[in-house]
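Asker: Here's the letter readout for the chains.
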Amino acid sequence: MVTAVAIVRMKDLFAVVMLLGLYGLLSASFFVAMDAVDVAFTEAAVGAGISTLLMLVVITMTGRREKAKRHKPLLALFIVIITGGLLIYGTLDMPYFGSADAPNHNHVAPRYINDSMKEIGIPNIVTSVLASYRAFDTFGEVVVIFTAGIGVLALLSVTRRPEDDDDIASHNDSMHERHLVIRIVAKMLIPFILLFALYVQFHGDFGPGGGFQAGVIFAAAIILYAMLFGLSAARKAINQAFVQLIAAIGVLLYGCVGIVSMLNGGDFFDYNVLASDPVAGQHLGILLIEWGVGCTVAAVMIIIFFNFAGRREMQQHSGDKSTQNQESP
Amino acid sequence: MLMGLFNNWIVVVLMMIGLYIVIAHGNLIKKIVGLAIFQTSVFIFYISLAKIDGGTAPILSDNYTLYSNPLPHVLILTAIVVGIATTALGLALVVRIKEAYDSIEEEDIQRQDNLPQDNQVQDSQLLTKNETENKA
Numbered sequence: 001m002v003t004a005v006a007i008v009r010m011k012d013l014f015a016v017v018m019l020l021g022l023y024g025l026l027s028a029s030f031f032v033a034m035d036a037v038d039v040a041f042t043e044a045a046v047g048a049g050i051s052t053l054l055m056l057v058v059i060t061m062t063g064r065r066e067k068a069k070r071h072k073p074l075l076a077l078f079i080v081i082i083t084g085g086l087l088i089y090g091t092l093d094m095p096y097f098g099s100a101d102a103p104n105h106n107h108v109a110p111r112y113i114n115d116s117m118k119e120i121g122i123p124n125i126v127t128s129v130l131a132s133y134r135a136f137d138t139f140g141e142v143v144v145i146f147t148a149g150i151g152v153l154a155l156l157s158v159t160r161r162p163e164d165d166d167d168i169a170s171h172n173d174s175m176h177e178r179h180l181v182i183r184i185v186a187k188m189l190i191p192f193i194l195l196f197a198l199y200v201q202f203h204g205d206f207g208p209g210g211g212f213q214a215g216v217i218f219a220a221a222i223i224l225y226a227m228l229f230g231l232s233a234a235r236k237a238i239n240q241a242f243v244q245l246i247a248a249i250g251v252l253l254y255g256c257v258g259i260v261s262m263l264n265g266g267d268f269f270d271y272n273v274l275a276s277d278p279v280a281g282q283h284l285g286i287l288l289i290e291w292g293v294g295c296t297v298a299a300v301m302i303i304i305f306f307n308f309a310g311r312r313e314m315q316q317h318s319g320d321k322s323t324q325n326q327e328s329p
Numbered sequence: 330m331l332m333g334l335f336n337n338w339i340v341v342v343l344m345m346i347g348l349y350i351v352i353a354h355g356n357l358i359k360k361i362v363g364l365a366i367f368q369t370s371v372f373i374f375y376i377s378l379a380k381i382d383g384g385t386a387p388i389l390s391d392n393y394t395l396y397s398n399p400l401p402h403v404l405i406l407t408a409i410v411v412g413i414a415t416t417a418l419g420l421a422l423v424v425r426i427k428e429a430y431d432s433i434e435e436e437d438i439q440r441q442d443n444l445p446q447d448n449q450v451q452d453s454q455l456l457t458k459n460e461t462e463n464k465a
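Respectively, the protein sequence lines represent chains X and Z. No gaps in the numbering here: position 210 of the first sequence is 210 in the working numbering, and each next residue is one more. Here the working numbering = 1-based position in the second sequence + 329.
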């Protein structure tokens, strides 16, 4: 909370973004304290990692200073205090923190906790609710992520000319040679990060983890590579068209699991009919769906980062060119 | 009695800080940061609802019988990842606005929009003139 107040006061956007990363990490540790390990996992990877990174890339493009002027801070404060007061008045009817007889603990939750081992057969209840009981919901979320990826692609993608690429590559090489230690350490770490992502993907049934977390971690490893070795090197290693294909295939795989279970005579996303044994069918369905989620999330995160960074590279490059042109006459 | 609702009040305060940033600040990136704080306050609200005293993480094991509610965890888990995707979309819009208006302050953008057409032409001519003078 102190961090949040500091964010309001700061004018230097760089410091604001750093504080936001800190805030993400703090809320992740708060989630651990609240027993929400899966959520904490995601928040640590997303809030403290990827979102900070994206904001930093944007700040390098837009400048880090905020103007001192604010419009009508008193009116805003007035509105905020009134709304906050009403909300606090509303909380007086809320159940107390940690009480087990709150209404939300007595509706569907007992069924998930008591019956999911019998019906789904995996220990992590969060995964079984995510991928089986509420699979349709999760399908919607994956489609939203996919759509956001397409949106970023539409807004920021630039067509590159091959002759520019060489310029940029040589420029990058000179810059990246200076960070020798980081590069070597990263080179050793990246395979382990990728391996860890796969572990999180497959172990999601038994411990905290799953497609969402694995996708973000996998993307983080590739983004690390792109940052340290330059975008053009990363583009050579990972074909952009291929990544876009993967994002689409993830959504397709997810949808297909639903349709196949319909064809087998069940409902949409009813995995019981996928195999002769209902529990085995559930296992198969969850495995495939987590793969779909993981593929889409990883690919969309990579697409988003590459497009932001590519845009920035192009802007800087055209900036360099115009200064060169002015100098030459 | 009062301590029992403490978690809700923290959430409300955080939410209002986020709302204040969105209303009172003109800088578009700052606004997105405000939205992110608002968003996180909702996450904290859901997760604190799921907590049960003496419960443990919702991973079934023979050693425990009391688990916290898994449903809010699922909702927030997906919401976090969707949140970063939509934030990225917002940032992409900011980048395009910067390219089009050369500013990410709300007032500057509004002023440029309100200029009549001929003024705008003059203005841009003036700007280019200034730029050339500066460069010289």
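By construction, these hints were calculated from the structure, which means they are not laboratory data. Please note that a few of the clues may not be correct.
Chain Z is nowhere near these chain X residues, computed Cβ spacing over 12 Å in every case [claimed, not checked]:
#1 G63
#2 V142
#3 F192
#4 G211
#5 A237
Computed spacing ranges between beta-carbons, pair by pair [what the hints assert, rightly or not]:
#6 Z:I339 with X:I79: 12 to 22 Å
#7 X:L194 with Z:T394: 31 to 41 Å
#8 X:L194 with Z:L395: 43 to 53 Å
#9 X:A241 with Z:D442: 36 to 46 Å
Where a beta carbon is used, it is the ideal one built from N, C-alpha and C, also for glycine.
Asker: Against the earlier hints, flag every one the structure doesn't satisfy and list their numbers going up.
Answerer: Failing hints, ascending: 1, 2, 4, 8.
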